[in-house]
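One-letter residues, chain by chain:
Protein chains: 2
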Amino acid sequence: MTLQDARTPENGNGASGSSEPQIGWHKGYVSGSRPDLRVPVRRVHLTNGKDVTLYDTSGPYTDPHIDTDVRRGLAPLRENWIIARGDTEEYAGRPMRPEDDGLKHTSPRGGLKNLDAVFPGRPRQPRRGRDGAAVTQLAYAQRGEITAEMEYVAVRENVTPEFVRDEIAAGRAVLPSNINHPEIEPMIIGKNFLVKVNANIGNSAVTSSIEEEVEKMTWATRWGADTVMDLSTGRNIHTTREWVLRNSPVPIGTVPLYQALEKVDGKAEELTWEIYKDTVIEQAEQGVDYMTVHAGVLLRYVPLTARRKTGIVSRGGSIMAAWCLAHHKESFLYTHFEELCEILAAYDVTYSLGDGLRPGSIADANDEAQFAELRTLGELNTIAKRHGVQTMIEGPGHVPMHKIKENIDLQQEICEEAPFYTLGPLTTDIAPAYDHITSGIGAAMIAWWGTAMLCYVTPKEHLGLPDRDDVKTGVITYKIAAHAADLAKGHPGAQEWDDALSDARFEFRWEDQFNLALDPDTARAFHDQTLPAEPAKTAHFCSMCGPKFCSMKISQDIRREHGGDLAVDAEAGMAEKSAEFAAAGNRVYLPIAD
Amino acid sequence: MTLQDARTPENGNGASGSSEPQIGWHKGYVSGSRPDLRVPVRRVHLTNGKDVTLYDTSGPYTDPHIDTDVRRGLAPLRENWIIARGDTEEYAGRPMRPEDDGLKHTSPRGGLKNLDAVFPGRPRQPRRGRDGAAVTQLAYAQRGEITAEMEYVAVRENVTPEFVRDEIAAGRAVLPSNINHPEIEPMIIGKNFLVKVNANIGNSAVTSSIEEEVEKMTWATRWGADTVMDLSTGRNIHTTREWVLRNSPVPIGTVPLYQALEKVDGKAEELTWEIYKDTVIEQAEQGVDYMTVHAGVLLRYVPLTARRKTGIVSRGGSIMAAWCLAHHKESFLYTHFEELCEILAAYDVTYSLGDGLRPGSIADANDEAQFAELRTLGELNTIAKRHGVQTMIEGPGHVPMHKIKENIDLQQEICEEAPFYTLGPLTTDIAPAYDHITSGIGAAMIAWWGTAMLCYVTPKEHLGLPDRDDVKTGVITYKIAAHAADLAKGHPGAQEWDDALSDARFEFRWEDQFNLALDPDTARAFHDQTLPAEPAKTAHFCSMCGPKFCSMKISQDIRREHGGDLAVDAEAGMAEKSAEFAAAGNRVYLPIAD
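Protein chains in written order, with the working numbering: chain A, 1 to 594; chain B, 1 to 594.
Incorrect hints may have been included.
It does not matter which identical chain is used: a pair holds within one copy or between any two.
Stated by the list, open to error - Each computed DMTMM-like pair below joins lysine to aspartate or glutamate, with the alpha-carbon atoms no more than 25 Å apart: (1) 489 <-> 406; (2) 405 <-> 496; (3) 489 <-> 409; (4) 267 <-> 507.
What the hints contain is simulated information worked out from the structure, not anything from laboratory work.
As the structure is a computational prediction, the values presented were derived from the model and not from experiment.
Work out the full structure: start from the sequences and follow the hints.
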């Protein structure tokens, strides 16, 4: 297996590779109170001499001064912080087993690999809380401590460390940061911070490879993914995750149930607490930062889905429903929930309490099955918090616009303002191939009303596995939704970005418009399709209207002719101004040679 | 000039040409009370034997039994209805002049063409209301008459003709239908009907041709555009419009000011009422169904834009503002408004009162300039209604989510519920190249709250002229927004479409999913990218999760095993069911050969 290809990827719908600096963006760092606390930012140097500083998720890959190598992994930024706290210990860890990579049945295709060589980089031993202590950001916050991670996100979000601590302590925000994933650049998820975006990657039994998944992770964070979920379900599931974790600057989420099901050959009824627990520990030792747990699917809720149009559409939800029915009892996720809390607390794995009964169609939105599960998630959230485990709550799904607000309002009430983490929601079912858009609409709205993180949906949703271009389109669409919500929430500083771009637009600074865009490559390419010549980049009009009809040009001329007086005195002296305007030639546009 | 290319267009991002039937869609007709009233519908024949009937905007082009020819134009469906009313007369009409096509300066490139041969199809004379009578759908409705056009849209919208008449009479809906555009299939715009979508086309001084514009119109209506605006500003403006009108099954809108400005060589201050009026008559005789008129830009409002971030961004608005300042008086559009009403009434041209001072950036949303103009539009709406002229009101623009509702609420109040027709609004400025999405979000929301028609935005907005693919992407995005709004408004029948697609999804009827999609070609292509083989079209899973993790498959199995009992009795007998499930082999998925 070689991952060298990830260094020289084929270009997607952009012009740049995923491990090179982005043209027009400059990596900068903002320092905290200690020398090893350097928060990355994206700087855009404008042609008017000003700088715009933006949030940066792309990791060391876009820093020309850092030589990254996916075979070596990223530097463990947080390692010293974790060790310095003195409440964790290294230990031998659970041995890697063939079935962790789905190789139970020495198949002709697979064959046992050298398990020591799962990842060629720096050797490491897993770490856990000493004597089962909760080594979570929540536990620290509850004790009033401000960690380096909290200070890091405070710098990143332009708030005080105390505010970060208080939000985490109240359970209103999570800072997913497994002590076995020291490579991450800490980030925070909560309604009083910038809205975050998650991108899903993952191979499946049907297609794709480890190389592709690592590359998709890097590519997704380049365009703004704040976290990445590895939803792999095929072979090499353990090894793929190891490579992704060692190379990821953002928190990684998983659904441990998927791997556990692989270990019992896909037979849901053969799942046991022991197999599940073993899988959770395996993944926690690797460094998974948050795990989706469908512990709210209770036996008595399953019949509530029987008359639905699309039944149960969550993979985890349907697996647990099948288990509950087969055994006619509550799932091991629910009955062992407190034990699971203790495990997660020892690694600082964050719960993402899964909505196994979310609606999968407009017809099924906001039904009894969905809200019954939500109430159970509320109870589990309280238990998790008591154990010091950070918790967020997953939400739907498919919901028409007029039923969206009820979702966030109920969740916030029932779950004591725990961060809501929603998939879309899709606002209509009639547009397969455009579900990034059907869901981007719902995502923007629900984020405005308080959702803390949005799980992206790509154009391939319901149809196939997303490729590189789909990942980018999904991320950009969701960054739009997240930022539109930041604006609508009046998040401090959010509008500065829009203002900088609008100024550039009004002043015909084309290069600044491109570089300030969420996707400079495509903006530039679109402009060049119609007016490719370099002089067009400084032209005071564009191909849309041409010079005669350029409203911005005319506006500028009006402003130049009439100056600030326009605003100072709306009526007085206008006749005089009118005469001046005529004297100046009544020019409202620059003639072009035609 | 040849337009034969339009018959065999290159494929865009879909698999079908714009003048051929769409694979998976079947043209049907629903009859009214008279034999010449046949309303087209799109029928999808499902593989389960059922039919789904959808609204169809694509015109005769997608009817395999009609042989269309862009050189001949479409059949004048409404001609007999118009003649039968007996209130109109044919007349010689205004002679075509060279400057109508921008050929004033016998340029080396242009040269005078044979003006009689502007369009090679059926010769026609313009028609107008006898003795200046108002021959508008509004005038008929106000008199209590139900026209053939009203019955047509009643069939189309599945409401009673009386309801249509009442909505038009109240000014809450418009039925744009110039008596000189008998080719259209009547449609209605109002908040109590399906939300409509407009697509802009038009050449500019910089690029594009007549052929391309006619082709874009056909292409846009194929994907669902309910009206098309021809915003041409370059040469051949008259001829382009003639070709578009004679071939368009949907109402055509224009901004006459653009052509008037061409006639005075782009010098705004040289515009006069006489030149403008002549242009309006020229276009009304050709058959333009609605015209954007920026009559609300008053002299005293211009200074209110001086401190804006992006000044005036409406082309028409900036031209009129320059005119007002140059002459230091109110514009001829405002001072001659009643005379303009009389002209429009004689052809049944609908007003689209333009928002010349709409915000062009997030920073400028909902400011005094914008709302001052809106109040003037409210006054003009009342005057227009008095003259029997159908009227809709244009809206912004760039508005963050939390400021959107104020726009529609104010407009509805000030303009006596006249149809609102908005451009987006864009909910953030940071994503050039994705403004179909930034605006699709705002469009869905404002339509939910009452906007009657949405003007699309393409990915090229702010960057260049849309090509064929951009037009399709813009239309599909806006059909999503419109339908999401129909759902949220609880429009009768809207959810049936989603339900049909969700049923197909749950039952793994892949071909039905594709054919029910807004864009079958892309949905099918995306599916085939991952699982190209024909058997995958009947597989009970897809490439996303593979068979083991297919929640719908598991859901189906649960339902099959546990039957309707699940819903009947949530608790009792579950243990028994559990035993049955185990006896049946506990199968939750079909094993695949692996």
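Taking the hints in turn, this is what the structure says about them:
1. 489 <-> 406: both (18 Å within a copy, 16 Å between copies)
2. 405 <-> 496: between (28 Å within a copy, 23 Å between copies)
3. 489 <-> 409: both (15 Å within a copy, 20 Å between copies)
4. 267 <-> 507: Between copies only: 22 Å across chains, 63 Å inside a chain, cut-off 25 Å.
Hint compliance for this structure: no hint is broken.
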